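In order, the protein sequences belong to chains A and B. Sequential numbering of the first sequence, starting at 1, is according to this note's numbering. Sequential numbering of the second sequence, starting at 1001, is according to this note's numbering.
Please note: incorrect hints may appear among the correct ones.
Stated by the list, open to error - Taking CB as the label site, the calculated pair distances span: (1) B:E1014 - A:L335: 29 to 39 Å; (2) A:I383 - B:P1024: 53 to 63 Å; (3) A:V304 - B:H1224: 54 to 64 Å; (4) A:I383 - B:G1151: 43 to 53 Å; (5) B:G1073 - A:G38: 47 to 57 Å; (6) B:N1037 - A:S45: 51 to 61 Å; (7) A:V391 - B:D1180: 48 to 58 Å; (8) A:G38 - B:G1151: 24 to 34 Å; (9) B:G1151 - A:P379: 53 to 63 Å; (10) B:T1080 - A:V23: 17 to 27 Å; (11) A:A369 - B:R1148: 51 to 61 Å; (12) B:G1030 - A:V304: 23 to 33 Å.
What the hints assert, rightly or not - Below, a sample of chain A positions facing chain B; criterion: calculated Cβ distance under 7 Å: (13) L17; (14) S18; (15) G19; (16) I20; (17) A22; (18) L26; (19) E203; (20) G331.
Derived by calculation from the structure, the hints in this document are not laboratory data. Keep in mind it's a predicted model, so treat the numbers as computed, not measured. Ideal Cβ positions, reconstructed from N, Cα and C, are used throughout, including at glycine.
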Amino acid sequence: MRFRFQRKKSTDRSGDLSGITAVDLLDEVSAGLFARPGRMILTVSGTVIGIAALVATLGLARTAGNRILGRFDELAATEIYVTTQPVADGETPEHLPWDSPERMQRLEGVVAAGNLATVDTNGALISTSPISDPATQTEFELPVQAASPGMFNAVRAKVANGRLIDEGNSQRADHVAVLGSGAAIRLGITSVAQMPALRIGDELYSIIGIIDRVARQQDLMGAVIIPEGTARKEYGVTTPDLVVIETQIGAATLIAKQTPLALRPDNVTVLKIASPSEPKRVKDAVVNDLNTLFLLLGGVSLLVGAIGIANVTLVSVMERTGEIGLRRAIGATRLHIATQFLLESTSMGFVGGVIGASLGTFVVVGVAAFQGWTPVLNPVMPILAPVGGAVIGLLSGTYPALRAARMEPVAALRTGT
Amino acid sequence: MPDQPPSPTIELRELSRVFPTEPPVRALEGVDLTIYNGDWIAIEGPSGSGKSTLLNVLGCLDRHTSGTYLFEGMDVSTLTDRERAGLRGRRIGFVFQSFHLLGHRSVLENVMMAEVYRHQSRHERRTRATTALEKVGLGHRPDFMPTRLSGGEQQRVAVARALLGAPSVLLCDEPTGNLDSKTSDMILDLFAELHEEGYTIAMITHDSDIAQRAERRIHITDGHLQEAS
Ligand SMILES: Nc1ncnc2c1ncn2[C@@H]1O[C@H](COP(=O)(O)OP(=O)(O)OP(=O)(O)O)[C@@H](O)[C@H]1O
Ligand SMILES: [Mg+2]
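Excised from the complex, chain B in its bound form:
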């Protein structure tokens, strides 16, 4: 849509995160970043550079120390804990390196979990979850226990859970970190599909092969950000 500028989902201005340890760790410093609706962005950097810290701040799991964070135009620092929890639950989908599936709940139940803290009626929850599972290619295994799935399949269940309720952004911390390269490619293919559909995706990686699949690449070193053109 060239005639209409894409609306920013996330805007960071001069954002810092300092851990009040002794000595203090400046994990993020003066970060300026805008993630537009529909972006697929890869955040690259060596170990300890601040990638996870950035993603945690973006995901409202952690609070920044200074600067501004606007989520869909909303100043996140003014939100109460409960509002931030609501934001996480409804607008943000998380995909973790270690999947974070509940081992004693079926695949479908794990996906359905996404709606639990949205104070939402259960009406057609099963259908919605099944649709999400079909999207990640696991529509045929709703009643499997996650422990009996391969790593790639488990991560796809996690993606389906993150997709439920169409969040504004998917935040993925090393989503392929526990997977072999073939399985990683399948997950990245899935992301590419989602990107095509208009999903906004931010993913962390320290692997440039993976980062190059994304549409935008930003590098982070010692808490400082720079974008590859």
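The shape of chain A in the complex, shown without the other chains:
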């Protein structure tokens, strides 16, 4: 393996040209590096830390990002709310069809859908029946909500006691009610075992169930929920206020687009669809935020590493002024000098990259194992990191190498010993 920096000139002086074989060059580079092994290790350690930080932070960002995504998807990325566009005073408000849940259920990707309507009770108060203790307050101003049977699934209601409103209750306009746990506490009802009942104004409703948790529409926890059919019959409710839809992960955006046509094919513009950020965007936003932060950290460490290499190479160039002079005297050109220092700094960066990538990977796997997470690693990292390290070494070495190459041999020989 032999090479010259320039093509051999075809003059008779060509045999006199200065040149170095690759073997000799590499030998000089490694000798230069190992002349001060302690310093080389210290110098490399800057890049090791930088690359390790970068690999570790990127890996952890991906790993942790996956975790956050797992939590996010469950709610934010799978819900759609449909309301009607608000109208100006005097105009007739638009309506949502009562069979919206059925229409939505026909779409691929819809998990659950339900209607919700606020019932205007004309100021009627809610009281338990029979009046158990006249000394305490027995009448409350509680919101009354009308729900279609599917609504409970759409908000992921959890039944603490009893059962939920079913299709039959709604169709028959039964006087039954489900209480949110907050409303149940206020009314002093802890169980449906004794078949408790309540009054809305003068109308008696049997309490068939208590829910103690919902994933969405937290207002329901403080409300009295009656069947949709009952609300229409007893209170003349004309339209649902809200359709709550839960979709499969990743389907929300598409379903949100199809919703207007499914619910109001006659006039798609009257609906207001709220579909919180697309899942992919949620994921990207979270991962990007993390990545930006971590990349910044890794970048800063790497910059410190680069400055370290530049600094040490510069010091080394200054210390080796005499050596540079000698090399010029024994036939080195400026290019040979520059190449040697560039290769020295590049090798340091490369070695730093290799060690740093290993360390960084180790940290990601270690942290993931400790947290019980699945480590997510970028497969190109093991290749990219050493290359990145080498590039950093090359860039850091450029200025010192130029300084070395620019030295005049006479001056260099005079300075050093």
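With chain A's structure known, arrange chain B with the ligands on it following the hints.
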């Protein structure tokens, strides 16, 4: 060889070196000098007279400002930097006052360095370097580190490095300047031997005792040259 005139290794005609400082320093002015193959020449002069400047120009470490410099008949001023580097690496051997050995490389490796910029195969480089070390009487210490050698020994390593590849001329700037008189004599004995073998040697000194060991003596004062007959 009286029937054949000795061929000039170095020819200087009206050579000047002016440093473009303010005011300019005329370190060498109108220097005419011919160094023949096999010469042992001492360049003497007081401090600041231009000795080192002359040697740097001769060694192609510095460029002259005007005049002609022919090295083995080749006009040096027409050479590219790379050709001049090649000339230094292959045809010129340098010996410096401060030895200029690399402290972290062994004696043998320091000598072997001479071939690094000659784009030369490493084949038998070790043997060649060992031979050069033997010539300067250090064949028994190839693996020593230079820092553990005496000054005289270090300078002999430097001479061995300069000898590797049989250069056309040895240029020595105060080769004994860092040595005591006894050690200096040993180095000069070595030069005498090399001279006997036909090496061309130019050495700088400000010490006439040392200069008198050489075969030719030239004096330099304020950049002007005169040869002692
Ligand atoms: N790079 C330079 N720039 C300006 N002037 C210089 C430079 N190098 C040398 N000189 C001047 O040239 C003159 C000759 O210097 P030179 O180094 O050749 O002297 P010298 O004979 O080797 O002296 P010494 O015995 O002290 O080594 C001096 O006046 C010196 O100041
Ligand atoms: Mg001098």
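Against chain B, run the beta carbon of I20 (chain A) and see if the smallest gap drops under 7 Å. holds, 6 Å
With respect to the beta-carbon atoms only, verify the hint that A369 (chain A) and R1148 (chain B) lie 51 to 61 Å apart. Holds - the Cβ-Cβ distance for A369 (chain A) and R1148 (chain B), about 52 Å, lies within 51 to 61 Å.
How about L17 (chain A): closest beta carbon in chain B under 7 Å, or not? holds, 4 Å
Confirm or reject the claim that E1014 (chain B) and L335 (chain A) have a C-beta distance inside 29 to 39 Å. holds, 33 Å
Per-residue hint verdict: G331 (chain A), partner chain B, C-beta under 7 Å: Cβ of G331 (chain A) sits 2 Å from chain B, so the hint holds.
Range first: 23 to 33 Å. Now tell me if the beta carbons of G1030 (chain B) and V304 (chain A) are that far apart. At 58 Å between Cβs, range violated.
Per the hint of 48 to 58 Å, is the separation of the Cβ atoms of V391 (chain A) and D1180 (chain B) within bounds? holds, 52 Å
Is the gap between the beta carbons of G38 (chain A) and G1151 (chain B) within 24 to 34 Å? The hinted range 24 to 34 Å holds for G38 (chain A) and G1151 (chain B), with Cβ atoms some 28 Å apart.
Under the criterion of a CB-CB separation shorter than 7 Å, is S18 (chain A) in contact with chain B as hinted? Since the shortest Cβ distance to chain B is 4 Å, the answer is holds.
Outcome for the supplied range 53 to 63 Å, where the beta carbon pair is I383 (chain A) and P1024 (chain B): Cβ of I383 (chain A) to Cβ of P1024 (chain B): about 58 Å, so the range 53 to 63 Å holds.
Are E203 (chain A) and chain B close enough, Cβ to Cβ, to be under 7 Å, as the hint says? violated, 100 Å
Does A22 (chain A) pass the interface check with chain B, least Cβ-Cβ distance below 7 Å? violated, 10 Å
Of the hints listed earlier, those the structure fails to meet are numbers 12, 17, 18 and 19, in rising order.
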